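Using the working numbering, the letters of the sequence shown map in sequence onto residues 1282 to 1736.
By construction, these hints were calculated from the structure, which means they are not laboratory data.
Please read these numbers as outputs of a predicted model, since none were measured by experiment.
One or more of the hints may lead you astray.
[As the list claims (entries may be wrong)] Cβ pair distances, simulated, as ranges: (1) Thr-1647 - Met-1411: 37 to 43 Å; (2) Gly-1436 - Arg-1644: 43 to 49 Å; (3) Gly-1575 - Gly-1437: 24 to 30 Å.
Ideal Cβ positions, reconstructed from N, Cα and C, are used throughout, including at glycine.
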Amino acid sequence: TRGAPAHLARARSGATATTSSLTLASSHHGARPRAAWSLHRASPPAPRPPHRATRASPSSPPALARSSTTDSTSASAIEGDRVTLPPPGDVHLWIMDPTDATDPALCRDYRERCLPASERDALESEAGNMTEGALRQATHSKALMRWVIARYCGGGVAPADLRFAHGEHGKPRLVGVRGGASSPSSNPSASSDDADADAGWTRIRFSVSHTNRLVVLAVTSAPGIEPPHPRWKPRGSPTPSASPGGWGANVPAHASHEVGADCEDERRRTSAAADKLAGRWLSALEHEALRAIGDDAARAASFMRTWTLKESYVKALGTGIAAHPFGGFDVTLRFDGSKVSGSTPPSGFFEKGEPGVITLTERSGTSAAERRAWAAGASRWRMALLKPRADDSLLVAVCAHGCATDGGSSEGSCDASTGMNVRVRWTVPMVGDVAEGTRPPPTLIARSEGFGALE
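Hey, can you work out the whole structure from these sequences and the hints?
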């Protein structure tokens, strides 16, 4: 098969980039207050300051929601404050600005305090083959993932206590904490008592993505503990080959309750023209829509928006492009009554406060039964495309399964009418959560029908 362009190669797998490293930058100055933040807004936000047009290193630390003072290496800073999982189908979107964490001592803390010894060793062996920028991105990505997920686990769980497994195509799943009990998905022999005790953290579903200017972690929850799944392998185990009966493109139901996230810069330019990349990777409908855009810059930006949305979907599925090619499904955006894939919003569109509409249409499958399954499954996914900062070119796409609990049942059920609420929070691992109101609010570009709210 043809290989993806280098800058897009990570999309070929459901895996997330979680390798970490120490990066050298400005000096660390010791004491850091502990974050004391809640997902629930306690008071109206303060007036937002003007946003910098360029993203240089900040002249002052970010404003953080804190209640007491502690050094970043203390246990309380490592573990952070506990947060509560969102309901199934809703998403907490955690965002990290890399310029908030260029401090070398803080990055050293990320490596030494967030990573287990095995990952630190693997990191040190890989560091010589990575550029400084790649090391920095991997450091921030791993720190954000482990620090935030540990906070959902509660009970004094530290980031390095988390154990992960990977699906057949690389999608990660939390399967253990503190080196103790494992998830039923990775340990079929676990007792029912162990499963009940682990019910909280085994519900966590997540997806992480990064660019050189942004790191994002999307978190949602499953309604209950899932039955054992033999396709989940401990981190470091050989990845099994694709199988029609395993986790992958031919089993859409196995992605229930999952979430996928991707971030890109819509001004990012590729080594090949956007229409050539679209012809090779996107669906025929999407390619034709992009060819209709006359302006080169607008066409390239539209390609990046389409790609970001589609990548969030295959990351939610856990397949990546390798097992679920982009050409097998359409993602269309509709603005002002038009229906154009990856289209550019008309002039003054955002001032009207009405985002575009995203539609996912599946055509995958090698048999009539598979095609019906994929088509039916597409209606249960909810997608959103947003800008974390309205005056910036950075994009984030989120895709989550539209599920809700049914009558208090722990298993839950999926309802095509269920919306997806997305709560955005900026944070700096082991430092604290950025106080609400001190960063510009996100801007919703487009969303699926039935989308709930962006906060």
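Outcome of the hint check:
1. Thr-1647 - Met-1411: 37 to 43 Å: About 39 Å separates the Cβ atoms of Thr-1647 and Met-1411, which means 37 to 43 Å holds.
2. Gly-1436 - Arg-1644: 43 to 49 Å: Holds, at about 45 Å.
3. Gly-1575 - Gly-1437: 24 to 30 Å: Violated, since Gly-1575 and Gly-1437 (Cβ atoms, about 58 Å apart) do not stay within the stated range.
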